[in-house]
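K.L.:
These are the residues of each chain, in order.
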Amino acid sequence: MLEVRGLRKVYGGHGRTVEAVRDLTFELKAGELACLVGPSGCGKTTLLKCIAGLLAPTSGEVSVHGQRVAGPPADMAVVFQEYGRSLYPWMTVGANVELPLKEKRLVRARRRQLVTDSLAAVGLHDVENAYPWQLSGGMQQRVAIARALAYEPQVLLMDEPFAAVDAQTRADLEDLVRSVWQRFGITLLFVTHDIDEAVYLGERVIVLSASPTVVQHQVTVDLPTERDQLATRSLARFAELRAEIYQQIHQAKAASTADRLAAEALA
Amino acid sequence: MSGPTSVSTGRASPVTLSQPAALQSGTAAHQRRRHLPLGLFGLIGLLLVLELVPRIGLVSPAYLSPTSEIVKTLAGEVGRPSFWIAVWDTVRSWAIGLIIAVIAGTVVGLILGSVGFLRRLTSSLIEFLRPIPSVSLVPLAVLLYGNDIRSKLLLIVYAAFWQVLIQVMYGAHDVDPVAADTARSFRLGRLALLRHVTWPTVLPYFMTGVRLAASVALILAVTGELVIGAPGLGKEIAIAQSSAAIPLVYAYVVTTGLLGVLVNLGARAVERRVLSWHPSVRGEVAA
Amino acid sequence: MTWLLRRATSLAFIVGLPLVVFVALWFGTAGSTNFYLPSMQVIMDSLASDWLGSRLGDDVLPSLARLAMGYLLAAVLGVGLGVLVGLSRPVRQVLEPVLEFFRAIPPPVLVPVLILFAGIGTTMKVFVIASGAVWPILLNSVEGVRAVDPVQLDTARCYRFSRRALLRRVVLPAASPQIFAGLRQALSIAIILMVISEMFAATNGLGFAIVQLQRSFAIPEMWAGIVVLGLLGFVLSILFRFVEDRVLAWHRGLRRAERS
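Quick mapping for you: the protein sequence lines, in order, are chains A, B and C. At position 188 of the first sequence (counting the first as 1) the number is 188 in the working numbering, and the numbers step up by one without a gap. Position in the second sequence counted from 1, then plus 1000, gives you the working numbering. Position in the third sequence counted from 1, then plus 2000, gives you the working numbering.
The set of hints was computed from the structure by calculation and includes no laboratory data. Take the hints with a grain of salt, since some may be wrong.
As the list claims (entries may be wrong) - Residues on chain A that point at chain C, a partial pick, calculated with CB under 8 Å:
1. A52
2. P72
3. A74
4. A77
5. F80
6. S86
7. P89
8. Q134
Backbone N, C-alpha and C fix where the C-beta goes; we use that ideal spot for every residue, glycine too.
Pulled out of the complex, with its shape left as it was, chain A reads as follows:
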């Protein structure tokens, strides 16, 4: 469904280059929910932008449905971390959700239905005529999710979507992600730096190394499908998975520090 093969991204500056992503290969099956975790600054955002077709990789390729991604693919939607900046403040919530559908050239009746349904699916009622900035941060991110859902994508990318909301809201939104994923049967790639979140949400967790990034480790999350903030998080298995991933990330960091020290010693 979603394949990333040998992805490499080097930023060329004036006279110096930075290798953000070295060699990434992984794949998502149709309808899978996978989480990407990695130490901060490991190029998660770069990777996500390459997958979304917003950034051209230096080498390697991303393909969706076996089709190589050269620009933003038609059946993909992205939810950004910066909800406040990705929703358009000059449009009402309804207009924000509807605009991509207009661009998709859907008829009016269908658009109205999708807007109402998707807003209801994220638990928002009666906010269609409000402006995004009149809502709380959590509600704004719900709107961004509703906009993505209304677009009826097959692949949904989420880039640390809950990094900027408070803990309680965050828990609610995590459950929302699980429930829409199950309901809409989409393929979902969720990027986060929070290990707990990755384990709680994912069917699989892909652990990235520090920059220059490779896939460090992959863990299948064998927790029950029905998850609950209290019950799931207190399972022994949850703690084991969490520890495993934590260790991997710790190793990744240590390795990169050792690398850097070695490089500096050589220089």
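Dock chains B and C against chain A, hints included.
P.N.:
Frame of chain A; chains B and C shown alone:
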């Protein structure tokens, strides 16, 4: 004249996500310098086009002189005292008018801005007087002062005053009440309060007001010379035009433009210097 | 009751001082024998009989028409070119110093230059107004477009907006606060240029009429003309704010929300 220039609107300039932080060490100043060559191409390109357009007859040289001729004329003028007298006349009235406007605007602005009652009382009158175009005072200035420098000063001061007043008023109103109360609790006197609490808050607004007033003052100085015939660059342009000395018209127009660039660059440099220590870089007042 | 009181107070504050000033001027100048400073009564009489009479059609309306044409031309050119320049980084870098230079030229000096090209007719005045007012609009549009949030642009790309929709739905609204700042500045420049171009060379118009009245020492009429110009500036700025408040209502709300 009403309304200050560019209101910075948005959030802090967002970091482009497509570039890792490591690559963004180049400061704005550094980047500016690197882009300057491109801008130089732009300037050279413009000069070339302006040279060629009249030469190949796209526009009659009777309307538009080729660049080379303008430069030649300007070079000739620069060697003559009359040119420098005209420049001096313009610059002097600009400076005097600006200073009067800045002092008056600051004093009135501080008073109105820090006394809530006075601010409320005067706001509607200010809103009414400010948009009155200062050129409407031209006939009055002529009647009162003829083509004396005072005519120009009347126009300059009227236009520049509002720019300073509005910014300073807003700044004085913006003084943190907690800071003011703290100062009072330490029994700071009125003057010390002004010196240590009010003024530092007002300063960025004040600088913005001065910058805006400086460019407005130049516009009105040249206007006065052009329309009233007070001595200065504007008058020289009018004379050159009526005697059909086309290259001379352009030479003087270019001079006023260069003067304008100097005023803008100078004002911005002063603003940066004065505010370099200031913790907050504020947006301008949308007035 | 307190609400009513509050409204009454704020109304008193709004009307208070202007009313006091007007009354003071009215009685202070009553029976004035100063040739240059006629009584308010005489000025108001002239305003009513002269300026609201034949001069309205002969001078005021032609001036307004020139102003409107010149300002609209400047707005269309300024926003159009500003968006084009703002969208392309290389174009911006090449043109920036050139634009800064043109912006720095005091617009009134364009009057004698444009007389060369366009004579002294209405065309000249429209061009003078447009060519002076275009720079603040252009430069603010460039700046506004340049500062459009990259996340907003990425979002538009992800949802595969057409170029047209990208411009109309994202770039223009995002830049609109800055564009309006330029338009506001341009309005006062446009009024100045309207007056100056008419003072310089014209056969009718507000600027022309005021200067003629001053030269023929028709002092009360001249004063009335100055009042008309002042009112024009005032009314146009009120109109502008009215439009701006509608168009940028979202921006005000956003700023309020960000501050709290």
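K.L.:
Hints first: check each against the structure and report whether it holds.
P.N.:
How the hints compare with the structure:
1. A52: holds (6 Å)
2. P72: Result: holds, 5 Å to nearest chain C Cβ.
3. A74: Holds, because the Cβ-Cβ distance from A74 of chain A to chain C comes to roughly 7 Å (cut-off 8 Å).
4. A77: holds (7 Å)
5. F80: holds (6 Å)
6. S86: Holds. Min distance 5 Å.
7. P89: holds (5 Å)
8. Q134: Hint on Q134 of chain A: holds, closest Cβ of chain C at ~7 Å, below 8 Å.
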